[in-house]
Amino acid sequence: MMFAAQSIADFFQGFGGWQYVIAAIIHAVLLVHVFAVSPFAFIWLERKVSGRIQDRLGPTRVGGLFGWLQSLADGIKLVQKEDLCPSAADSMLFRSAPYIVCVSSFAAFMVLPFSHGWVAVAADCGLFIILAILSLEVFGIIMAGYSSGSKWSLFGGMREAAQMVSYEIPLAICALVPVIAAGSLNLGEVGGMQRGWFTNWFMFHDPFTFIAFFVYFVVATASCKRAPFDLAEAESELVGGFHTEYSGMRWSFFFMGEYASMFAVCGIASILFLGGWNTGLAPIDDALYAARNASIDGTSGSAAVGYLANVIGAGVFVAKASFGVFVQVWLRWTLPRLRIDQVMTTCLKYLVPISCFLFLGATLWPLIMVTGMGRTTWTSPIGDRAAQGLQETRDGNRVARISDAGNLDAAQARVGDTGHIGEGVVQ
Amino acid sequence: MTGRRIGLIQNSKFLLVRSSMTADLNSYLFVGAVLFVCGVVCMATKRNGIGVLMGVELVLNGANVNFVAFSRYTDLGLDGQVFSLFVIVLAAAEAAVALAIALNFYNNHLTIDVDRANKLKG
Amino acid sequence: MNGESFLFTVFALATCLGAIAVVFSQTVVRMAFWLVISLGSTAALFFLANADFVGAAQLLIYVGGTLVLLVFGVMLTASGPYLKIATSPGEIVMGSCVGLLFLVVVYASLNGVNWRKSPAAATENSNPVVATGKTLRPIGLSFLGSRPDQDLTSDGDTLTPGYLLPFEIVSVHLLVVLIGAAYLARAKRRAGE
Amino acid sequence: MVGETLRNLLMIAWLLPLAGFAVEIFGGFWGSRKSRVAAWMSVGCIGIGFLCSLSALLIWGNSNSWTVLDHDSHDETHVDTDHAKPADALATDTHPSPDSHTSHPPVVRGKTVYSGTLYYLARFGSLDISLDYYIDSLTLVMFTMVTFIATCIHLFAMGYMSEELTEELVDHSAHLSNGHHVHRPGRYYRFFAFLSLFCFSMLGLVLAGNIFQVFIFWELVGICSFLLIGFYTERKSACNAANKAFIMNRVGDFGFLIGLMVLWTFFGTFRFGETVNDTGEVQAGLFQMLARDETGNVLRDAASGDVKIGAVTTGADPGGNRTIPYSLLVVAGLGVFAGCVGKSAQFPLQTWLPDAMEGPTPVSALVHSATMVAAGVYLVGRFYPMFVQEVLLTIAYVGCITLFMAATIAIVATDIKKVLAYSTISQLGYMMLGLGVFGWGAGLFHLITHAFFKSLMFLCSGSVIYGCHHEQEMPKMGGLWRKMPITAFTMLVGVIAISGLAIPGLIGLSSVFAFSGFFSKDAVVATSLAFVKDNPSHFLLFIVPLITAGITAFYMFRLWFYTFAGKPRDQHLYDHCHESPWIMTGPLLALSFFAAFCAIGGEDGPLYRLITGDQPAHIAHGIAAAAGSGEITLPGHDAIHDVHGTAGTLALIAAASGTCLAWLLYGTTLVNVAEIRRQLSGLHGFLVDKWHFDEMYDALFVKPAHVVGQGCAWIDKTVFDGIIHASAKIMIFVSKWDKLFDEAVVDGFVNLLGNSTFAFGRSLRVIQTGRLRQYVMFIVVGVVALFAILFTTFPG
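Residue numbers (my numbering), protein chains in the order written: chain B, 1 to 427; chain H, 1 to 122; chain P, 1 to 193; chain W, 1 to 796.
Wrong hints could be hidden among the right ones.
Per label pair, the in silico range of CB-to-CB distance [to be verified]:
(1) B:Q80 x P:S109: 53 to 63 angstroms
(2) H:R116 x P:G180: 21 to 31 angstroms
(3) B:V62 x P:Y183: 55 to 65 angstroms
(4) B:Q54 x H:L110: 48 to 58 angstroms
(5) P:V93 x H:D113: 14 to 24 angstroms
(6) B:P336 x W:F778: 55 to 65 angstroms
(7) B:V62 x P:V93: 55 to 65 angstroms
(8) H:R116 x B:C356: 38 to 48 angstroms
(9) P:S109 x H:D113: 28 to 38 angstroms
(10) H:R116 x P:S109: 33 to 43 angstroms
Since the hints were made in silico from the structure, they are not lab data.
We put the CB at the ideal spot given by N, CA and C, even for glycine.
Based on the provided sequences and hints, a complete structural model is requested.
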C-alpha cells in the first residue's frame, strides 16, 4: 500500500505540498480498514476458541465455513440498533467517549511498523509514542463510566482508571527492557536488529528479557482489561461495567478499541521480543533483506521485489501478533476472574518490583557479559545490527531526498522527515 | 535591545485578521498565548479547585508550546525541548501535590469550592 | 499553505478551542474532556515541531497521567452527580474581558519582538538540529551531561554542560513529591464527622 | 646581740596578742559561743607575753650586770653633774663620753638603750617613716607591768564575763522600744578578742621607737577603748560613752597632730634615739638633735634666739646649723601634751573617763585605769627631753587642777566604779604634776604603782558588782566583808596603798613600812615641794596636792566603809551576794601583793632605780633659771632629797587626817552624813554635777555648734533648698510645655503616622479577600495595566 501512496503522491505533484497530505490521508484510510476489519476476525476467533474450549462448536449458522460471516452479521445488527442516550447521562461526554477510546487505540497503529519501512510515522521514539497513545484509551473509558450516570458504569470506570494507571508502570518498564538491549526506541530499528536466527530475538537476548516477555504479556493483557483482569466490565458484579448504558455502534466502538489495542500490544510484544517481521530463520531473512536493499539501491530487481518482501514480513508480523491475541483469548476462557484488590496487589506489589528488577538486570547484563566473555551479547554483536538498522533508515531518508531533490523545498523535506512518507517511495 | 521594537503603530498589524495561518514562530507563540490566557482566566473564574488546577496546567502548556516553538525556530535548539520536558515533569508533580491538597481541603470542608477557602481573609 | 501549515492550523484550532471550551464549560468533567482535547492537540503541535519526545511525554504524562489524576480528584471530591459549582456569569464576562485584554497585551508584546532567528538556518528559518527531526539521542545525551549538537557544531571550542544535575534534582524531586502527596492524601477522618 | 634578743622577745610579746586577736575574731567562735577557748587563747598569748617581757627585763639587767640597781651608779649620775661636760657629749645620755670614765673610777654601765628600725613604711627622699623600736629600762618596766596586769585581768575577766557564755543572753540594762529586754547571743569570744587587740596596741605603743609610730598605736588603743566601752552596744549609755571618749580623744589628738607637723617640719625625723639605717650610717633621733648645754637648757642661737638643732645626720644640712624657733618648740611640746591630756583624761578633757565606766569592769581595770590612760603619762615621760620649761609648767598646772577637781568630785560619788574613775583621774593628775615639776622619776614611779593598786581596786569593785549581781550603788551595800572576805581584804590593801598611809619607823622616814602608794605619792609631793621652794610664786603646786592627798584618803576609805563595813543597808542584796570564784579572787591576791610591795624601798628601791635607770641626763641636777630672768627653776635630785622628809611627813599627816575623817563619817555612826550633806547642799550639788563641766561643754561647744548648725540648716533650707526648689519648679514648668510639645507635635506626628498606616492597612484589608481567584484577577489586571503604561510611555 505504500506503493500506492507514493503513486498517489506523484499523481498530485502539481499541488504544492498537498500530495503528501493526500498520501497521508490515504494511508490513514488503509489503516482504518485494518483497524476496522481486524475486530471482526478477532471476535470470530474468540467465539470459536471459547466454543472449543467449552466443548461446543461456536458460531456455525451465519455464513458458511466456520460461520465466518457471524461477525459481519453482528456488525450489521449493531449498526441498525438505535443510538440510546440515558436521560441521566451527560450526553456530550456520553456520546464522545467511544470516539476517544477507538481513536486512541487506532492512533497507536500510526507508529506500529508492519514490516521494514512499512510504518506511517517512523518516529525516533516510536515505542514511547505508542505507549503514550495507548494510555489515552483510559480516558475515554473513564468518560464513559462517569457520564453514563449509572453506578455500574461509574464503578467500572473507576476500576478501569485505577487498573490502567497502575498497570502502565510495569508495562512501560517491561517494554524498556529490550529497548535497553537494542539501544533504540525506534521500533523499525528494533525490528531490524533481530534479523538472523531466532536467537537474535530480544526475547532470547538475556534471561531478563526472557522473563520480561512473559511479564509484559501479562501486563499487556491487563492493560487491555482482558480477562482475568477485566474488572471494568465484570458482568457478574457490574452488569456491563463502563459500557452498561451503551448500545449499538457506540458500544461496538468500545470493542473495536479493545481488540485494536489487543492487537497493538501484541504487535509491540512481537516487535520487541519476537523479532517483529523477521521469520527467525537466517537464510530467509537474509534473502528478504537482500531483496529490499536491492530495491532501495535500484541496482537490481524492481521495486516489486522489495514490496513483495515487505508483504511477507508484514504477514509474519501479523501472524505473530495474532498468535498473541489468540493466547489472550485462550487465557480469558481458562482463568477465573480476580478480585479488584487482587488485581491491584498483583500489579503494585509484584509486577512493579519484578519489572524494576528486570530493568536493573538488563542494564547490568552487558557488564556481566563483558567481564565473562569479553562481549556484550552471547549472540551476534548487537552493535552491528544497530549499525545496519541506522544504515537502513539513513538510506531511506537519503533516497527519499534524492528522489525528491528536484522539486522538494526544504520545508517539504521536513514534512517528509516528519512523516517518513518518502521512505516507501523507492521500495 | 536592538531587535526589540514595541509600539502601537507597529503592533497594529496584529489587529487585522491573518489571511493564512502558516506554521511559523509567531503562530506557535500565539497558540501559546491563547493557552496561557485561557489558563489564567480559568484560574480566575473557576470556583472548583480542580478547575483552578486545570487552569494551571493550561498555563504551563502555553509555556511549553513557547519553548518548543523556540527550540524549533530559533537557535535555542534542544534546550527548549529539554526545558519543556522539565516543565512537564514538574507539572505532573505539582498536579499530584495540588490534588492531594484538594483532597485534604475536601476532607476538611466537605466541598471543593475555593471561595470557601477564605480563612486568610483580611 | 502547505501540508504542515494545514496540520498546524487544524491542531492549533483544536488547541485554542479546547482551551476556550475549558474556560467556558461548567462541569468539571467536561472541562477535563476539553482539556484532553486541548492538550492532545498540543502534543500534536509538538510532533509537528519535530519535538517527538516532548510530544510523547506530553501525551503520556499529561493526558495519560495528570488528567486521569484530575478526574480521580473530581470523582473523589464530587459531592453529587455532575458536580457543578457555577460561577456567576458576571465573573465570567469580566474574566473573559480581562483575558481578552491580556491576550491583546501578550500578543502585542510577542509580535513587537523581532525574535532572533537561527543564524545557521537563516534561509529556511529553523533550527538545523531540530529540523532533522533526530532529537531523541541528543536529548538523552544532554540528560547525561553532554551536548553533541552544540559541541560538534561549535568547532569544539567550548564544551557546553548538559542537564545531568537538573535531571538528578528532578528525579529526587519526584520522589519527594510522591511521598509528600501520599502523606497528604492518606485517608483521614473528616472534620464533619 | 642583747639588742636583738630584747627586740625579738618584746616583739613576740607584742605580736602574740595580735595573732590571738586574729584567730579569736576570725576563728569561727560565733559557732560555739559556750566555749572558753578564745579566752584561754588570749590568756595564753598575754601570759607568754608576760614571760617574754620578764625574761627580757632580766636579760637587760644581766647585760649591764644590774648596775642600775646599785647605789653607785645612782651617785655616778651625781658625779657626772659635777663635771663640766661638753654639750654634744650630753646630747646622747645613753653613751657616756669616755673622758668621764677616764676621769673617774670605773663604774662601767653597759649599753642600756637599744633602738633600731623594724620596717620602713615610706620613704620621701632622705626622709622616711618607719616602724622602730626603742628599748630602755622604762620600756621594759612598762612591758612587764602591762603584761602582768593584763594577764591578771584576763583571768579575772574569764570569770566575770562568764555570763556571756550563752546563746541567748538577756541584757537587763538595754530596753527595746516595746519595753522588753534585749535578747542577744553571748559575745565572750569577742570580748577577749578586743582585749587581745588592746594589748597588742598598748605594747606597740610602749615599744614604739618614733613619735609617729606612737601616734599610730595611740589611735589603735583609742579604737580598742571605743570598742570595749561600747561592748554592750545595746545600751544607749554605753554607746554615748564610747562616742564621748572617742571624740574627746580626737580633740586631744588634733593637738598631737600639730605637734607632729612641727617636729616633722623642723627635725625631719620622728625617731627618739639613734638608729642605724640599712645603708649603715647612724641617724640621730630627736633626743640627739635637741642639744642642751651643761645647765640643761636648750642651746639657743644668740642672735635670733632660735633653738639649735645639732647632730643632724639627716636632712639637707648635715652641718648642724639648723634651728627651730623657740615658740614652735613650745608649740610642739604643747601639742604632744594635748594628746596626752586627751588620752589621760586631764583637765579639761577629763569628762569622758567616768562615763567610760559603762564598759565591763575588767575593761575599766585594764584600759581605763592601769594602762591606756597611763599611756598619756608614759608619752610625756618618753618625750620628756623635748619639753622646755613653759611646757613643763603647763603640764604641772594641768595636773594640779585635774587632781584636785577629780578628788572633790570623788567625794560625793556614790557609784563604786565612778569613785574609782575619779580617783583614777586624780592620780593621773598627780603623775602629770610630778612630771611637770621635773619629777620625772616620781611621775613614772607613781604611774607604775598606781597601775597596780588601781587595777586591784577596780577588780575588787568588779568582784563586788559580780557578787551583788551588777549592783553598783554603794548606799545599797554595806557589811559585805562578811560575805566576801577576800575581796574586802584585797580592797583594803588597795585603799591603804592609794591613800599613802604608812607606819613611821623609829629612825627617820627612810625606813618606813608602807604600801607602794605612799612612796610614789611621797616622791611627787616632795618634788613639788622642792619646786615650790625654788619658785614661790607657784605655791599652789604644793598646797593643792597636799590637801588632795587627804581628800584621796577620805574618799577611798569612804568607799571602803560604805561598801564593806557597817551593817547591810539592803538586806535582800546582802542575802544574795556571794564571794567570787577563785579565778577572780586569784588575780586579786596576786595584784594585792604587788600593790603592797612593788615599791618597797621607796626611791632607793629597785623599781624606782629601774625606772630612772635611763632617765634624761638633764634631770638629775635640775635646771637653774638664769638670774633675773622670769624663768622657773627646775629642782635637781639633791634638792628634792633635801625636802623629802618634810614632804613625806606632811603628806602622811594629810592622809591620816583624811582617813580619820572618813572613819568618823562613815565608819562610825557618830556623825550624820545626811545632815552635813544638807548643810553643804550647794557645794554638794556642785560636786555631784561634776563642777558642771558637762553643762559647760554643752554651753561652750555643743550649744554653739547647735546654733551654728541651725544657722546652716536655716541657710540650707531657705537659700539652697530655695534655689533647688526654684530650679525644680522651673524644670517642671519647662517640662510641662515640653510635655505639651511632645504630645501635640511629636506624639501627634508619630500617632498620625501610625494611624495613617493602620488606616491604610485597613483599607487594603478589604482587598485581601482570601479569594484565590480574585488574586489571580488582580495579577492579570496589574500586568495588563503595566503593559499598557509601558506601551504608552515607550512607543517604539
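Against the structure, the hints come out as follows:
no., hint, verdict
1, B:Q80 x P:S109: 53 to 63 angstroms, "holds, 57 angstroms"
2, H:R116 x P:G180: 21 to 31 angstroms, "holds, 24 angstroms"
3, B:V62 x P:Y183: 55 to 65 angstroms, "holds, 58 angstroms"
4, B:Q54 x H:L110: 48 to 58 angstroms, "holds, 51 angstroms"
5, P:V93 x H:D113: 14 to 24 angstroms, "holds, 20 angstroms"
6, B:P336 x W:F778: 55 to 65 angstroms, "holds, 60 angstroms"
7, B:V62 x P:V93: 55 to 65 angstroms, "holds, 59 angstroms"
8, H:R116 x B:C356: 38 to 48 angstroms, "holds, 42 angstroms"
9, P:S109 x H:D113: 28 to 38 angstroms, "holds, 35 angstroms"
10, H:R116 x P:S109: 33 to 43 angstroms, "holds, 36 angstroms"
Hint compliance for this structure: no hint is broken.
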